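Visitor: Each chain, written out:
Number of protein chains: 2
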Amino acid sequence: MMATKTDISTLGEFGLIRELTKGFENRNTSTVRGIGDDAAVIGPIHAAVAGAKNPDAAATGATEGEDHLLLTTDMLLEGVDFDLVYFPLKHLGYKAVVGGINDIYAMNGTPRQITVSIGASARFAVEDLIELYEGVRVACEEYGVDLVGGDTGASVNGLAISVTALGTATHARITYRNGAQLNDLICITGDLGAAYMGLHLLEREKRALAGVDNPQPDFGGMEYLLERQLRPRARRDIIEALEQADLVPTSMIDLSDGLASDLLHICRSSSCGARIYLERIPIARQTYAMAEQLNADPVVAALNGGDDHELLFTVPLARQEEVARLGGVEIIGHIVRPEAGAALVTPDGSEIALTAPGHK
Amino acid sequence: MMATKTDISTLGEFGLIRELTKGFENRNTSTVRGIGDDAAVIGPIHAAVAGAKNPDAAATGATEGEDHLLLTTDMLLEGVDFDLVYFPLKHLGYKAVVGGINDIYAMNGTPRQITVSIGASARFAVEDLIELYEGVRVACEEYGVDLVGGDTGASVNGLAISVTALGTATHARITYRNGAQLNDLICITGDLGAAYMGLHLLEREKRALAGVDNPQPDFGGMEYLLERQLRPRARRDIIEALEQADLVPTSMIDLSDGLASDLLHICRSSSCGARIYLERIPIARQTYAMAEQLNADPVVAALNGGDDHELLFTVPLARQEEVARLGGVEIIGHIVRPEAGAALVTPDGSEIALTAPGHK
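Protein chains in written order, with the numbering used here: chain E, 1 to 360; chain D, 1 to 360.
Read the hints as simulated data drawn from the structure, not as lab findings. Fair warning: this is a prediction, and the values are worked out from it, not measured in the lab. Mixed in with the good hints there might be a few duds.
Ranges between beta-carbon positions, derived for each pair [unchecked claim]:
hint, chain 1, residue 1, chain 2, residue 2, range
1, D, R285, E, K22, 19 to 27 Å
2, D, G23, E, G211, 54 to 62 Å
3, E, T6, D, F219, 29 to 37 Å
4, D, P217, E, G12, 32 to 40 Å
5, E, V156, D, R285, 46 to 54 Å
6, E, T4, D, E142, 27 to 35 Å
Negatives, chain E to chain D, calculated, CB over 12 Å [unchecked claim]:
hint, residue
7, A39
8, N183
9, G220
10, G221
11, D246
12, L317
Glycine residues also receive a C-beta, built at the ideal position from the N, C-alpha and C atoms.
Please build the complete structure, drawing on both the sequences and the hints.
Guide: In structure tokens:
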């Protein structure tokens with residue numbers, strides 16, 4: 001922790017993860033996929049043991065029925081990931097769970113169990129934590145997930161929350177980031193940038209009302225943005241619609257870091273390029289309105305804002321009509337050869353290379 | 001977060017957990033055991049789905065082979081759970097993993113996969129985190145565990161670490177906290193109080209050397225205490241020995257909060273009382289020596305110090321000889337009727353009721 005060392009920001013988040021985990025080897029045959037996707041994939045449990053004698057056990061394990069497990073974990077820290085000045089504790093508990101289970105959906109699986117750990121400083125009372133857990137409970141109920149464990153302790157400063165989600169998946173339906181193919185259609189659910197604009201609205205009102213007694217923030221007409229920031233939904237509906245349509249995406253990722261960053265993940269994992277079209281990116285009317293008020297670019301909010309909790313996925317070109325019938329899904333572009341890179345195409349036909357802070 | 005609320009400390013850690021989780025219901029039949037043990041128990045994966053049609057699927061699922069999963073999670077926060085003034089980052093990474101996998105062993109299972117999340121403030125450099133992950137890597141290698149995921153982010157203050165461990169277990173061998181029976185023998189592995197005394201030694205040297213350039217702490221003769229605090233081992237050897245002896249404990253718990261607290265967990269879960277004998281509690285020579293230097297009571301260190309990372313378990317009286325043959329296990333008492341409560345018996349025959357801060 002002395003000088004002459006390398007600042008973490010020089011590597012970017014994903015470069016840092018690669019650096020930290022490069023010396024690790026997997027030993028259990030049940031580890032189908034480790035680091036590098038929305039969730040780890042664990043093969044049939046028997047394979048973990050059988051594998052000791054037969055290294056192919058995981059590969060030859062049952063491939064029908066929901067026999068694979070998905071495991072993902074997220075940590076949220078006060079002051080970095082949330083601000084309790086405007087984030088109600090109940091919503092925070094709900095959102096923390098949604099973040100975890102949306103990672104399970106992003107693998108095309110079903111969330112089953114979660115654990116929630118909290119570290120809270122002395123400024124939190126029992127009633128505060130009950131409020132937080134009420135949000136956890138509501139999310140568990142809505143998504144049919146069981147709270148099965150956790151850890152409760154003290155913290156020196158603020159609140160820390162860690163959520164782990166465990167899900168199940170059918171082997172043949174598991175969708176990784178690395179399966180996108182040339183000419184596949186790039187699809188997204190919902191609209192983008194609204195959660196980011198909601199955050200800016202909340203920050204603006206926080207600044208405006210700092211020190212005011214009994215503050216009355218002005219959110220008139222912007223409730224949609226607040227809901228997207230404070231109470232995002234996990235896209236179970238889309239996962240169920242995909243299954244009913246017998247459609248398995250070739251790749252999928254949870255839109256949490258912004259469209260640019262998450263599409264770059266798919267391109268890197270799938271060794272491909274991408275073209276997305278500016279005019280096809282779904283942006284809500286209120287996102288435009290808020291961007292105008294704040295003198296911000298709504299497209300930048302969509303590309304780099306993050307926190308959308310929507311799904312980004314690819315499907316073969318031949319499935320275009322079925323995708324259109326899903327409802328709530330927009331086709332925003334297609335996969336191209338890797339040499340072409342990932343770019344946004346503007347209405348005049350010019351291309352802007354996609355970049356994101358975490359990718360260096 | 002205003003006044004007139006209930007301070008968290010009034011409930012105790014375990015009372016708080018009960019309060020926070022009392023409104024939760026389990027919906028997935030694969031959830032065999034949720035909150036309230038060292039790890040959650042998840043039944044055969046197929047049962048999660050079959051259960052939708054047949055609620056008994058989990059109960060009637062396969063009971064041979066390692067077909068059950070164990071899931072546990074722990075969060076460590078700087079300033080509460082560790083002090084980087086004397087805790088080397090590599091050891092911290094190692095210890096964080098050991099804490100997680102020892103919870104899997106405490107269920108009589110085999111750890112398979114872990115996730116590690118970190119939140120680090122700007123004072124940490126890439127090299128610091130590499131050191132931390134080197135400790136994680138060594139622990140993974142020693143215990144045959146795969147690092148399969150995690151989350152890497154920023155923190156406002158200090159370092160936060162969250163470890164989730166996933167393990168497998170044979171249904172018939174899973175050992176809960178709630179199976180202790182009248183007259184069962186109470187057994188512990190290793191010796192107690194050393195990690196706590198190691199912590200006090202490190203704290204003493206930290207105070208003595210505060211502000212000194214190039215400090216040379218004096219640990220002469222107390223290396224064992226430091227090792228117990230800084231590099232605890234998970235007790236895989238005992239779990240393997242139990243299996244070889246075809247011995248399934250009736251109850252078991254990881255000794256992390258101190259013998260008193262952890263024995264009270266077994267008594268509460270198993271609805272029983274306990275008598276343990278002062279002169280049978282294994283305390284290392286160096287623990288006695290350090291306690292003398294610090295004018296502290298080594299028995300208090302054993303009962304309430306915590307951080308021992310040993311196993312506390314019960315076996316039927318009839319298995320006494322087999323337990324003795326295991327090696328490294330001490331029989332320190334026996335289970336009594338619930339009305340008799342849990343107490344420590346001193347050499348003169350008087351009884352001291354066991355209490356622990358987390359239990360209120």
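Visitor: Run every hint past the structure and note whether it holds.
Guide: Structure-based check of each hint:
1. D:R285 with E:K22: 19 to 27 Å: violated (43 Å)
2. D:G23 with E:G211: 54 to 62 Å: violated (37 Å)
3. E:T6 with D:F219: 29 to 37 Å: holds (31 Å)
4. D:P217 with E:G12: 32 to 40 Å: Holds, since D:P217 and E:G12 (Cβ atoms, about 38 Å apart) stay within the stated range.
5. E:V156 with D:R285: 46 to 54 Å: violated (35 Å)
6. E:T4 with D:E142: 27 to 35 Å: holds (32 Å)
7. A39: Given that some Cβ of chain D is not farther than 12 Å from that of E:A39, nearest at about 7 Å, it is violated.
8. N183: Consistent with the label, E:N183 stays out of reach of chain D, its closest Cβ about 31 Å off (over 12 Å).
9. G220: Nearest chain D Cβ is 27 Å from E:G220, so the label holds.
10. G221: At roughly 29 Å from the nearest Cβ of chain D, E:G221 sits farther out than 12 Å, so the non-interface label holds.
11. D246: Holds, since 18 Å exceeds 12 Å.
12. L317: holds (32 Å)
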